[in-house]
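S.K.: Below are the chains, spelled out letter by letter.
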Amino acid sequence: MSDALRTEVRDWMETNLAGRFEPLRHRGNAGDGDALPELRKEWERVLADGRWTCPGWPKEWGGRGLSVAEQIVFQEEYGRAGGPGRMGHIGEGLIGPTLIAFGTNDQKERFLAGIRAGTEYWCQGYSEPGAGSDLANIRTRARFDPASGDWLVSGQKVWTSLAHLSDWIFVLARCEEGSVGRNGLIFLLMQLNQPGVEIQPIRQIGGGAEFNSVFFDGARARAADIVGKPGEGWKIAMALLGFERGISTLGQQMAFAQELNLICEIARENGAAHVPELRLRVARAWAGLRAMRYLAMRVLSGDPSGETLRETLGYKYHWSNWHRDLGKLAMDVLGPDANVVSDDPRHERLRQLFLFSRADTIYGGTNEIQLNIIAEQGLAMPREPRGNLS
Amino acid sequence: MQPANDQRIDSGNGMDLVFSDDQKMIRDEATRFLADRSSSERVRQIVQAAQGLDAELWATVAGELGWCAMAISEEFGGLGLGMSEQMLLMEAAGLRLAALPLWSTACMAAPLIAAVGVDAAKAKLLRRIAGGEAASVAWGNIGAVDPLAHDGFEARADGGGYVIAGRAAQVTDLLAAGIVLVPARLDGELALFCLPAEAGERRLLATLDGTRQIGELTLDAVSLPASARIDAAGFDAAAARPAIESAMLGLAAEQVGAARGVMDITLNYIAGRVQFGRAIASFQAVKHRCALLEVDFSEARSLIYGAAASFATATPDERRSEVAASRALASALLYRTSEEAIQLHGGVGFTWEYDPHLYFKRAQAASSLFGAPHAHLELIADGLLGAKGPR
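First to last, the protein sequences are chains C and X.
Quick note, the first sequence lines up with residues 1450 to 1839 if you use my numbering.
Quick note, the second sequence lines up with residues 313 to 703 if you use my numbering.
To be clear, the hints were calculated from the coordinates, so they are not data collected in a lab.
Please note that a few of the clues may not be correct.
[To be verified] With the Cβ distance kept under 8 Å, some of the chain X side facing chain C (calculated, not the full set): (1) 337; (2) 341; (3) 597; (4) 603; (5) 607; (6) 615; (7) 669; (8) 690; (9) 693.
Ideal Cβ positions, reconstructed from N, Cα and C, are used throughout, including at glycine.
With the hints as constraints, model all of the structure from the sequences given.
M.R.: See the structure below:
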């Protein structure tokens, strides 16, 4: 079954990721997320026509109902073929499953088809300037408008990936005046193209701008666009993160393997392959990547006994630090060639790897937060005390 | 070796890495049993006795519980289970620093017989091992990543039999083993001999790690009957690779188990140790160091489980790299975990009374066997980058 699927995906990618889509190969991954946006949206629609968007969704909502193992196969082959970073990832992997689980029928009817078809794009409104690692500290306010039954939102979200290329945003906001922490929050679906929403790009370390600040000034979330009840926002927001099981990281690992490959290739060309220290670091990277693969398979296989929970907790720390180290290794292998722009596209890819992998250990839970989680949830060590500064 | 390519770096198909109920049962039973029978007190008695062997425990696990029969095929009296089950047992043994010749016997000697032995030798020797007899191999250099590249012994035909001479400076579980295998150079080829009982000079060595027996074997022109030779007509190093890699992977699993053991001891200690009015486990500086070890632990263990699951099906190059990676990670993991254990225990960490030193000594000793981490990494680098040339 999985071999047949593997062949099917491989053939499909070979046939379709070609011609005018050729430039998309290996593009649009983290750090390069704003590359070729229009072409990537077209690519999403080709994927949708092939029924390869949302393959893990249930069939009634246009998915293929693939098992976890089958989704892994799809992700691996997509990544192996150099499939571009998915513009529809937030819709497909995060808000879609959340709506399937918690949305009203009306919400499912209105939103799922657009995500599946690659015609509507979503972004995530969680982090704020004062709420990074401490997400529950969000200040964006949602005020009920009795006249319309809608909610009026004011505040600022930050690090919003691809907001400038998206149609909708899901927003975690505070709906109860005076509430603190996880209480009194609301989970809203909001159109970006409306008065009272302003999007400002944030230029990042590598020069690109896939993140944004999103400012809300009395912008409107319609009454029909609340997920869950007012006050239940935290529950929905956390459930959403739970849907990101990391299956897409298997595809990401294929990109990592290609990066390591490039590094080996260049090392053999420029003589770095003979430097003892670099040889050991390349070998260590290979070992880490192989371990990462088996670790992911253990984590994703979802042992029903929960035995793999501890490993699950460490997975993000492992891959992000591995990848960050790979960026430094790439530069050390390139040597002075890394300092100057060259015609060799491999050099630019590795330079971006070096720069953007600094973000890997910060977004999605910083190293420091990850280590707290591993210590507290995995090793049952005492919890961090909370301070009371505001 | 082939240079790197996509296939090599990202190959491997999906496999099920969730343990079956049977596998979990083997692991849980072994873990429970050794928690009771290889307690800290017991291990200390063994260290004190300076034989590197818990003979009583061995009689039970090998003779009664059939631990050595696990991976031996059914036709030779074994249970016909695979590398994964073997790894789970080794992990359980490492967890308690059980002073058993299990590694030498089940991961090294039995696979070597299975790899290069003739059928008659397999029928006889594997059956004895499955029945609980300890065995070991006298490698020329037990510290080398390729222990066959170093000749320890020379043999020559003599009348109807052979004369063999040479020395193995360190043979694990030498005095515990009823079956001692000796790879020797014979007319430029490799041959494998099984020493008759009492043949040669076998000297017990005093060791850094008191939980593993090491002996020195000297053969001073010892005459052996023709029947002592157990390979068909010479074998090459490639034929013995599966056995050597089985030994490496088994050792890695044992190291990972020991890392878990010393980590558990440490977590337990720091949860109860109070300073500044709080358990020292509540300090973030302490929590983060434990969490980092946990990340490394998951990394090494997942790699070993994956390498074990694909051991029988991987290509030789692939398997060699995965095993080398397993050893490199496991050696580094156990050393780091045990040195952190001493540090996190504070003053009592460097006393005889507390257990971290037992693991610390095991860590150093084990990492020197069958290739230090850098040697394994160099092996992987050869595959990815080609052999090292002059710079």
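S.K.: Does the structure break any of the earlier hints, and which numbers would those be?
M.R.: Hints 1, 2, 3 and 7 not satisfied by this model.
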